[in-house]
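Peer 1: If you want the building blocks of each chain, they are given just below.
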Amino acid sequence: MDIDQVKSQFPIFRQKTPTGKDLIYLDNAATSQKPQSVIDAITNYYSKEYSTVGRGAYWPANVNTVKINQVRSKVKNFLNAQSEKEIVFTAGATDGINKIARSFLAPKLKSGDVIMISQVEHHANLIPWQELCKAYGTELLVIPVLESGHLDYEWIQKNLSDRVKLLAVSACSNVLGIKNDIKRITAMAELSRTPVLVDAAQVLSHNRVDVQEWNCDFLVFSAHKMFGPTGVGVVYGKQDLLNEMKPFNYGGGIVKEVTFMATNYQDIPHKHEAGTPNIAGVLGLGAAIEFVEQLSQNETENYLEELTNYALSSLKTINGLKIMGGEQDKTPVISFTIDGIHPHDISTFLNEEGICVRAGHHCAQPLLQRFEIPASVRVSFAIYNTKSDIDKLVMALLKTQAFFS
Amino acid sequence: MNERLKSLYQTVILQKSREDKYVGKLNDFSLEFRAYNPMCGDQFDLQILIEDNSFKCLKYSGSGCSISRASAAVLCEHLQGVELDTVRQKVELFLELVDADSDKQPEELTDDENLLAFAAAREFPERKTCADLSWKELLNQLDTLNQS
Numbered sequence: 001m002d003i004d005q006v007k008s009q010f011p012i013f014r015q016k017t018p019t020g021k022d023l024i025y026l027d028n029a030a031t032s033q034k035p036q037s038v039i040d041a042i043t044n045y046y047s048k049e050y051s052t053v054g055r056g057a058y059w060p061a062n063v064n065t066v067k068i069n070q071v072r073s074k075v076k077n078f079l080n081a082q083s084e085k086e087i088v089f090t091a092g093a094t095d096g097i098n099k100i101a102r103s104f105l106a107p108k109l110k111s112g113d114v115i116m117i118s119q120v121e122h123h124a125n126l127i128p129w130q131e132l133c134k135a136y137g138t139e140l141l142v143i144p145v146l147e148s149g150h151l152d153y154e155w156i157q158k159n160l161s162d163r164v165k166l167l168a169v170s171a172c173s174n175v176l177g178i179k180n181d182i183k184r185i186t187a188m189a190e191l192s193r194t195p196v197l198v199d200a201a202q203v204l205s206h207n208r209v210d211v212q213e214w215n216c217d218f219l220v221f222s223a224h225k226m227f228g229p230t231g232v233g234v235v236y237g238k239q240d241l242l243n244e245m246k247p248f249n250y251g252g253g254i255v256k257e258v259t260f261m262a263t264n265y266q267d268i269p270h271k272h273e274a275g276t277p278n279i280a281g282v283l284g285l286g287a288a289i290e291f292v293e294q295l296s297q298n299e300t301e302n303y304l305e306e307l308t309n310y311a312l313s314s315l316k317t318i319n320g321l322k323i324m325g326g327e328q329d330k331t332p333v334i335s336f337t338i339d340g341i342h343p344h345d346i347s348t349f350l351n352e353e354g355i356c357v358r359a360g361h362h363c364a365q366p367l368l369q370r371f372e373i374p375a376s377v378r379v380s381f382a383i384y385n386t387k388s389d390i391d392k393l394v395m396a397l398l399k400t401q402a403f404f405s
Numbered sequence: 406m407n408e409r410l411k412s413l414y415q416t417v418i419l420q421k422s423r424e425d426k427y428v429g430k431l432n433d434f435s436l437e438f439r440a441y442n443p444m445c446g447d448q449f450d451l452q453i454l455i456e457d458n459s460f461k462c463l464k465y466s467g468s469g470c471s472i473s474r475a476s477a478a479v480l481c482e483h484l485q486g487v488e489l490d491t492v493r494q495k496v497e498l499f500l501e502l503v504d505a506d507s508d509k510q511p512e513e514l515t516d517d518e519n520l521l522a523f524a525a526a527r528e529f530p531e532r533k534t535c536a537d538l539s540w541k542e543l544l545n546q547l548d549t550l551n552q553s
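For the protein sequence lines, the chains are G and X, in the order given.
Counting along the first sequence from 1, when you hit position 358 you're at 358 in the working numbering, and nothing is skipped either side.
When you read off a place in the second sequence, starting at 1, and then add 405, the result is the number in the working numbering.
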């Protein structure tokens, strides 16, 4: 794979940072940079073809309506869903989880029911469920994570029952980078007839997802972590579940017939997309999927695996550097601490070298509590990162360490 | 190491962040509060003994970066023995010192080198919350004290 050619599609890397350095962007688990094609899709819409969708029988509204439908179809193929009806556009993964919590789960809950999540969840896949538990007297059960970063699958087996009304789990930890075995989880959950929601926000920039193979009931993701724009994402849901649910929001665009007495709603997915959608965002998402699909999936996965292994072995040469979790089932996300230097101080020093890393708790405070760490440094890679980026990271870390010693 | 970093990580800040003179818990205290930055997880518990209308003794415990630790240490040092009437003025001066929007130069505000070291936070807006974490929470506590 020609990484220089791939990287050249991202205009941000053509400039220097305010400290005069090349930008080394290692915070891809938070959000990824945007290729020109995504930026063009958005600017083209606003500058040349701006209109609403689904409501106007004129140019350019009809053009955009077709394009939005095409993106829905792209997402369907991207996730290997059965139908476009299973694809609902949202404002992002967080929005999707909140909507499923409110429209799907809340109306079913009663005291004594259980919601199961895992210890590695991002706050987005924890707090909506915690709030439901508070409101409905439901119990929140948390799947423990082992020192290796893997979930305790035997614990899941023991604790799943028909009391568990939903199991919500991420496809991989945004801190440890360890993938969860979703197929194994859905197989177990099927026995207790527990629906499974997968937070796939972290995986789609580097791994392909097949919702039919995973057999999950819901899956959410955000475009911005896979080279697309912010403020747009997707809920995938099995058709019977999306049909059964009340609309995520109420308003225009989702109705068949409205009187002051009653309203009939459109079929899925439109029933769940009230209001004028984030059209530019959806078009940008379409371009992001095209970008990901133009890269060979095998080559992308192999390249990022090689890069991650190189980073792991390079980082381990630094005295006092401790990596959180193990190395099996690792995605391109590495969290670590260095003895005697706070992650924020490390981040400030790296920033001066043009290196962007994340320092803190990464929106996963309970996970850091589990590992008894107040904060860590996280580096996460995307297809435009290189071994040279990692060499510069290690050099900068050694300089930082020398300063603080 | 570049000049910008040198200005932020001055010797005084590194020394104060490692000094344990004010680290710990008081057996007897009049005021106890937590300064917490939810964005990064830095967290300090501060305890203050008020006697004879002044801050008699101050201690802090917890974890954070070198800037936030040094800042908590300097808060304890700077306010020890200070009369209640003048505490607010000193806290507000520190907050102005680290505020890039202030129209005063740091040197116009103080000649105390331990305090001036934190003025570099004006150049690092992302680190201002580290520099003023404990001080801002103390100001909140003073407001609560006044109301009660």
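The hints are simulated quantities; they were obtained by calculation from the structure and are not laboratory data.
Glycine residues also receive a C-beta, built at the ideal position from the N, C-alpha and C atoms.
Do not rely on the hints blindly, as some may be mistaken.
[Unchecked claim] Distance ranges between label pairs, derived from CB positions:
1) I39(G) with S412(X): 54 to 60 Å
2) M1(G) with R409(X): 53 to 59 Å
3) K134(G) with S435(X): 33 to 39 Å
4) Q239(G) with E531(X): 57 to 63 Å
5) K110(G) with P443(X): 29 to 35 Å
6) N309(G) with E531(X): 28 to 34 Å
7) R409(X) with W155(G): 19 to 25 Å
8) E306(G) with T416(X): 38 to 44 Å
[Said to hold, decoys possible] SDA-like cross-link-like pairs, simulated, lysine to any residue; straight-line CA separation at most 25 Å:
9) K7(G) with E49(G)
10) K392(G) with E352(G)
11) K411(X) with T43(G)
12) K392(G) with C462(X)
Peer 1: For each hint, tell me whether it holds in the structure or not.
Peer 2: Verification of the hints:
Distance hint for I39(G) and S412(X): a CB-CB separation of about 36 Å, inconsistent with the stated range 54 to 60 Å. Distance hint check for M1(G) and R409(X): the Cβ-Cβ separation is about 37 Å, which falls outside the suggested range of 53 to 59 Å. Look at K134(G) against S435(X): about 35 Å separates their beta carbons, and that is inside 33 to 39 Å. The hint said 57 to 63 Å for the Cβ distance between Q239(G) and E531(X), and at roughly 46 Å that hint is violated.
Between K110(G) and P443(X) the beta carbon distance is about 33 Å. The supplied range of 29 to 35 Å therefore holds. Judged by the Cβ atoms, the range 28 to 34 Å given for N309(G) and E531(X) holds: they are separated by roughly 31 Å. Between R409(X) and W155(G), the C-beta spacing of about 49 Å breaks the proposed range 19 to 25 Å. A C-beta distance of roughly 42 Å is found between E306(G) and T416(X), which places it inside the suggested range of 38 to 44 Å.
Restraint check for K7(G) and E49(G): the C-alpha separation of about 28 Å exceeds 25 Å, so the hint is violated. Distance restraint check for K392(G) and E352(G): the Cα-Cα separation of roughly 12 Å lies within the 25 Å cut-off, and the hinted pair is therefore satisfied. Between K411(X) and T43(G) the CA atoms are separated by roughly 42 Å; this puts the pair beyond 25 Å, and the hint is violated. Among the hinted pairs, K392(G) with C462(X) is inconsistent with the structure: their alpha-carbon atoms are about 46 Å apart, more than 25 Å.
When each numbered hint is compared with the structure, violations occur for hints 1, 2, 4, 7, 9, 11, 12.
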